[in-house]
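These protein sequence lines are chains A and B, in that order. Just so we're aligned: the first sequence equals residues 1 to 253 in this note's numbering. Just so we're aligned: the second sequence equals residues 1 to 212 in this note's numbering.
Among these hints, one or two may not hold up.
[To be verified] A few chain B residues that face chain A, going by a derived Cβ cut-off under 7 Å, partial list only:
hint, residue
1, 53
2, 104
3, 177
4, 194
[Claimed, not checked] Pairs of lysine-lysine, DSSO-like flavour, derived with a Cα cap of 30 Å:
hint, chain 1, residue 1, chain 2, residue 2
5, A, 72, A, 53
6, B, 146, A, 72
7, B, 65, A, 164
8, A, 164, A, 72
9, A, 132, A, 164
10, A, 138, A, 164
Everything labelled a hint here was simulated from the structure, so no lab data went into it. Just so we're clear, the structure is a prediction, and the values are computed from it rather than from any experiment. Backbone N, C-alpha and C fix where the C-beta goes; we use that ideal spot for every residue, glycine too.
So you can see what is in the structure, the chains are spelled out below.
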Amino acid sequence: MLKTRIIPCLDVAEGRVVKGVNFVDLVDAGDPVEAARAYDAAGADELCFLDIKATHENRGTLFDLARRTAEKCFMPLTVGGGVRSPADVRNLLLAGADKVSFNSAAVADPDVIAQSANHFGSQCVVVAIDAKTVSPGKWEIFTHGGRRATGIDAIEFARTVVSKGAGEILLTSMDRDGTRAGFNLPLTRAISDAVSVPVIASGGVGNLDHLVEGVTQGGASAVLAASIFHFGNFTIQEAKAHMAAAGIPMRMS
Amino acid sequence: MLTALIDYESGNLHSAQKAFERMAADLPNEEVVVTSDPEVLRHADRLVLPGDGAFPACKAALVEKTGLYEALLEAVEEDAKPFLGICVGMQMMARFGHEYQTTPGLGWIAGDIRPIQPTDFSLKVPHMGWNDLVITGAHPVLAGLKTGDHAYFVHSYQFVLEDMTQRLAHVDYDGEISAIVSSGTRIGMQFHPEKSQSTGLRLISNFLNWRP
């Protein structure tokens, strides 16, 4: 049986973790590779790096990060931030990423998803959707870290990118991100029901019940969280045990 | 002994390379090389076809490199060098792939690559994540592996075999999905051993130790 995944996400900028990871045994809490190794050992199911200050000039640091992580961690790695073209996908895959996440570029031109999926396969093409509630039961796509409205309906957009070949949706609720109030469950459920591909729920996790709800109520195939793991509130194994106790199939180590 | 990871401009080559290098380092006189040079394939002792990508694009890339496809056939078919296909590299072992279009594969294992189509609509495609293996066949490369061990999968197409004795392991996903196939000196894994933590590293080490 396929297991529900727990994915710790590390926000990086210029090759460093933006918020340090609070593990007692880390030599350098700001080194993404050190953090990745710790999560690998802790039994995380996947890792995600998001370059939040991605620019053309610092592309190299992200490639280098993927490369160094793949040397140490033999587990799945998704990398996103500033990904614009099939060439970016290829470079990140060659560096050691398994999946590459598009965000603004997919909004600007959904065909970049088709080009990437046709060449590299849908399995490595993730589309990160940042959505905000605009009225009850209606969500719109926002870009540039949630600052720029696009007027595009989130459900329509999810269907579009999946029809172009996206293999997974990384869904972040901009209303909930950073609030620790839990996932936006109606949004997660609406997107999960609308597409055939796995949906990763993201944004707002404050406790372990939130992770459970993302799956049981939101219909997510995977849950992504940052702060609750980075700050040591909960371990990956505690989260897995809690979800398993709620009846969700988990990979226990 | 030289293990050649075939670079056909597809696949997560770097992580596969690092995983093989890591396990080769524990063995005497083992070397790992990433190559698209037909001459290197001829000198290699074993071959690995990694994979990440669409079947037609991967097949085209394999054929387009001058001499590469011929050298692969010579090494595996004539010289019977141990071969490991990973993910799409495993699917390449089939007679035909049906992703986007019908494309001939290497034809080493009787069967076709067909889309995963769960009848349970709550099940997503790609089949993505950790699934527990059901081991049904004995093989030196599977030494130490047991039913219930998890491996990391990410694929939308599956290997449908004609001869089920060529299947060594499967997983459950609204029916059985082939996880490990083999025929003679060739073995294929649908999941990514290089991404399957300790279980995957063990399989890689076993492959490096395999002397068929």
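Okay, the hints, checked on the actual structure:
The criterion of a C-beta within 7 Å of any C-beta in chain A is met by residue 53 of chain B, whose closest approach is roughly 5 Å, and the hint holds. The criterion of a C-beta within 7 Å of any C-beta in chain A is not met by residue 104 of chain B, whose closest approach is roughly 18 Å, and the hint is violated. Annotation: residue 177 of chain B was flagged as interfacial toward chain A, and the flag is violated, the nearest CB pair being 10 Å apart, outside 7 Å. Given hint, residue 194 of chain B at the interface with chain A, holds; its Cβ is 6 Å from that chain's nearest Cβ, closer than 7 Å.
The straight-line distance between the Cα atoms of residue 72 of chain A and residue 53 of chain A is roughly 24 Å, inside the 30 Å bound, and the hint therefore holds. The hinted pair formed by residue 146 of chain B and residue 72 of chain A meets the criterion: a straight-line CA distance of about 25 Å does not exceed 30 Å. At roughly 29 Å between alpha-carbon atoms, residue 65 of chain B and residue 164 of chain A fall within 30 Å of each other, so this suggested pair holds. Taken as a hint, the residue 164 of chain A and residue 72 of chain A pair is broken in the structure, with Cα atoms around 33 Å apart against an allowance of 30 Å.
For the proposed pair residue 132 of chain A and residue 164 of chain A, the alpha carbon gap of about 23 Å is at most 30 Å, so the pair holds. Restraint check: the Cα-Cα separation between residue 138 of chain A and residue 164 of chain A comes to about 23 Å, which is no more than 30 Å; the hinted pair holds.
When held up to the earlier numbered hints, the structure conflicts with 2, 3, 8 and fits the remainder.
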